[in-house]
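**Student:** Chains G and P, in that order, give the protein sequences. Residue numbers for the first sequence follow my numbering, so the first one is 3 and each next one is one higher. Residue numbers for the second sequence follow my numbering, so the first one is 3 and each next one is one higher.
Fair warning: there could be bad hints in the mix.
Where chains are identical, the list cannot tell them apart; a pair therefore holds if satisfied intra-copy or between any two copies.
Cut-off 27 angstroms, straight-line C-alpha distance, at most; resulting in silico cross-link-like pairs (DSSO-like, lysine-lysine) [claimed, not checked]: (1) Lys122 - Lys71; (2) Lys5 - Lys71; (3) Lys71 - Lys9; (4) Lys71 - Lys56; (5) Lys43 - Lys59; (6) Lys10 - Lys23; (7) Lys105 - Lys23; (8) Lys56 - Lys126; (9) Lys105 - Lys5; (10) Lys5 - Lys112; (11) Lys43 - Lys122; (12) Lys59 - Lys9; (13) Lys43 - Lys56; (14) Lys71 - Lys43; (15) Lys112 - Lys122.
Think of the hints as simulated: they come from the structure by calculation, not from any bench. These figures come from a predicted structure and were not determined experimentally.
So the chains spell out like this:
Number of protein chains: 2
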Amino acid sequence: MFKPDFKKGDGLVPAIAQDYKTGDVLMLAYINEESWNETIKSGYATYWSRSRNKLWKKGDTSGMLQEVKEILVDCDDDTVIFKIDQIGGAACHEGYRSCFFRKYENGELKVTGERIFDPKDVYKK
Amino acid sequence: MFKPDFKKGDGLVPAIAQDYKTGDVLMLAYINEESWNETIKSGYATYWSRSRNKLWKKGDTSGMLQEVKEILVDCDDDTVIFKIDQIGGAACHEGYRSCFFRKYENGELKVTGERIFDPKDVYKK
Numbered sequence: 003m004f005k006p007d008f009k010k011g012d013g014l015v016p017a018i019a020q021d022y023k024t025g026d027v028l029m030l031a032y033i034n035e036e037s038w039n040e041t042i043k044s045g046y047a048t049y050w051s052r053s054r055n056k057l058w059k060k061g062d063t064s065g066m067l068q069e070v071k072e073i074l075v076d077c078d079d080d081t082v083i084f085k086i087d088q089i090g091g092a093a094c095h096e097g098y099r100s101c102f103f104r105k106y107e108n109g110e111l112k113v114t115g116e117r118i119f120d121p122k123d124v125y126k127k
Numbered sequence: 003m004f005k006p007d008f009k010k011g012d013g014l015v016p017a018i019a020q021d022y023k024t025g026d027v028l029m030l031a032y033i034n035e036e037s038w039n040e041t042i043k044s045g046y047a048t049y050w051s052r053s054r055n056k057l058w059k060k061g062d063t064s065g066m067l068q069e070v071k072e073i074l075v076d077c078d079d080d081t082v083i084f085k086i087d088q089i090g091g092a093a094c095h096e097g098y099r100s101c102f103f104r105k106y107e108n109g110e111l112k113v114t115g116e117r118i119f120d121p122k123d124v125y126k127k
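Bound-form chain G, shown alone:
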């Protein structure tokens, strides 16, 4: 059974979440071996949260799960792409469709992405 090469990045490799229909890159997070196994088993993107240091099923809090349609692996086995169906239409915790909602221009960042929800409505304490 193939597994990504988790040795290189201290047990973590980057996983790019890409919209399986539009090709838009929605986010990048990290997976460890447990995340990989869980993603394969469940069919939903499951990352490793570096800040909380725990398994992170994307959308567990917000309901905005990522159904994995296809997995691509790079030539060095140390990066993967999850081609996903983003439930709810937004991957970013700030409410944007993509975490990459800002464009660099002449030294500044300019918001160009589409906002889908207000985080205050979704992440209630």
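We have chain G; now place chain P onto it with these hints.
**Tutor:** Same frame as chain G, now just chain P:
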């Protein structure tokens, strides 16, 4: 002047190279502050080679440079997308258009990507 947050990943953040026309993800590599400055200044994707531990202007050996058309930054300032025009049509040192030329299927990897050149013709010793 905006800069990515290089502190988190030991001075490196991942940079996703994405075809500016098709949206295909071609590769992922890492940049440090010097790479960032050089990419902005030159207009060509310049990474940091973790294996060679030096600045790496993509395509310097093969001629297959990456002209940067747009830069997107994620919500945490710790990942960037270079939307590029891939000169020569191939980003992967194995001759494929994309480094993500293999698909994971039932525990195995299956080549699904398009091969543009034979590495033996390009990387002569």
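**Student:** Take the hints in turn and mark each one as holding or not.
**Tutor:** Checked hints:
Taking the shortest Cα distances, Lys122 and Lys71 never come within 27 angstroms of each other, neither inside one copy (30 angstroms) nor across copies (34 angstroms). In the homo-oligomer, the alpha carbons of Lys5 and Lys71 lie at most 27 angstroms apart inside one protomer (18 angstroms), although the nearest pairing across protomers, at 34 angstroms, exceeds that limit. For a Cα distance limit of 27 angstroms, the shortest separation of Lys71 from Lys9 inside one copy, 26 angstroms, qualifies, whereas the shortest one across copies, 34 angstroms, does not. Taking the shortest alpha-carbon separations for Lys71 and Lys56, only the intra-copy value of 24 angstroms comes in at or below 27 angstroms, while the best inter-copy value is 37 angstroms.
Proximity of Lys43 to Lys59 under the C-alpha cut-off of 27 angstroms is restricted to the intra-copy arrangement: shortest distance 12 angstroms within a copy versus 39 angstroms between copies. In this assembly of identical chains, Lys10 and Lys23 lie within 27 angstroms of each other by CA distance neither inside one copy nor across copies; the values are 31 angstroms within and 32 angstroms between. Within a single copy, Lys105 and Lys23 get their C-alpha atoms as close as 22 angstroms, and across copies as close as 16 angstroms, so both meet the 27 angstroms cut-off. In the homo-oligomer, the alpha carbons of Lys56 and Lys126 lie at most 27 angstroms apart inside one protomer (21 angstroms), although the nearest pairing across protomers, at 45 angstroms, exceeds that limit.
Taking identical chains as interchangeable, the C-alpha atoms of Lys105 and Lys5 lie at most 27 angstroms apart only when they sit on different chains, with a minimum of 12 angstroms there against 34 angstroms within one chain. Proximity of Lys5 to Lys112 under the C-alpha cut-off of 27 angstroms is restricted to the inter-copy arrangement: shortest distance 13 angstroms between copies versus 38 angstroms within a copy. Taking CA atoms no more than 27 angstroms apart as the test, Lys43 paired with Lys122 passes in neither setting, with 32 angstroms inside one copy and 39 angstroms between copies. Proximity of Lys59 and Lys9 under a CA criterion of 27 angstroms is satisfied in both settings, with 22 angstroms inside one chain copy and 26 angstroms between copies.
Proximity of Lys43 and Lys56 under a CA criterion of 27 angstroms is satisfied intra-copy only: 18 angstroms inside one chain copy versus 39 angstroms between copies. When the C-alpha separation of Lys71 and Lys43 is checked against a cutoff of 27 angstroms, the pair qualifies only within one copy, where the shortest distance is 13 angstroms, while the shortest distance between copies is 38 angstroms. Proximity of Lys112 and Lys122 under a CA criterion of 27 angstroms is satisfied intra-copy only: 22 angstroms inside one chain copy versus 43 angstroms between copies.
Going through the hint list in order, the structure does not satisfy hints 1, 6, 11.
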